[in-house]
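Visitor: Sequence:
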Amino acid sequence: MWPLSHILKTEAEAVWWRSFNTGGYLGPYTAVFKTHIDIVRDFSEKTIRGLKALAKKHNFLTFEDRNIVDIGSTAHKQYHGGALRISEWADFV
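Under the numbering used here, the letters of the sequence shown match residues 1 to 93, in that order.
Hints should not be assumed to be uniformly reliable.
Below are the SDA-like pairs computed for lysine to any residue, each with C-alpha atoms no more than 20 Å apart in a straight line [unchecked claim]:
#1 Lys57 x Pro28
#2 Lys46 x Lys56
#3 Lys52 x Glu88
#4 Lys34 x Lys56
#5 Lys52 x Phe92
#6 Lys46 x Ala75
#7 Lys52 x Val69
Keep in mind that the hints were calculated from the coordinates and are not lab data.
Could you build the full structure based on these sequences and the hints that come with them?
Guide: Okay, structure coming up:
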C-alpha cells in the first residue's frame, strides 16, 4: 500500500480514473487507476501481471472498485483468495 503522499508526487493534477483498456496509453497521466476487475472477461494471471507492470512503469496506484461487506472470514476470503486475488494487485479497495 502506498501513502496518500505518493499521489501528490505524481505529475497528475488530480486523481484520474481510467478504464482498463486505456491504462497503457494514459498511464503517464494517471495517479489512480480504477478497475472493476470482475467484469474483465479474460481475467487471468496475465491480467494481474500486466496491471502490476503498468502501475510500476507509470507510477500509479490501483483501486479496485468493489464493496467487500460480509462477516470477517468471508470478507477476508474475498480480499485475499478466490479467482480475483485482489490483495495481490490492488493498492486499495
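Visitor: For every hint, state whether the structure bears it out.
Guide: The hints, checked one at a time:
1. Lys57 x Pro28: Holds, because 9 Å separates the two Cα atoms, which is no more than 20 Å.
2. Lys46 x Lys56: Cα-Cα ~15 Å, so holds.
3. Lys52 x Glu88: 9 Å, holds
4. Lys34 x Lys56: Distance of about 15 Å is within 20 Å: holds.
5. Lys52 x Phe92: At roughly 13 Å apart (the allowed maximum being 20 Å), Phe92 and Lys52 satisfy the hint.
6. Lys46 x Ala75: Not satisfied, since the Cα-Cα distance of roughly 25 Å exceeds 20 Å.
7. Lys52 x Val69: Outside the cut-off at roughly 25 Å; violated.
Hint compliance for this structure: hints 6, 7 are not met, and every other hint is.
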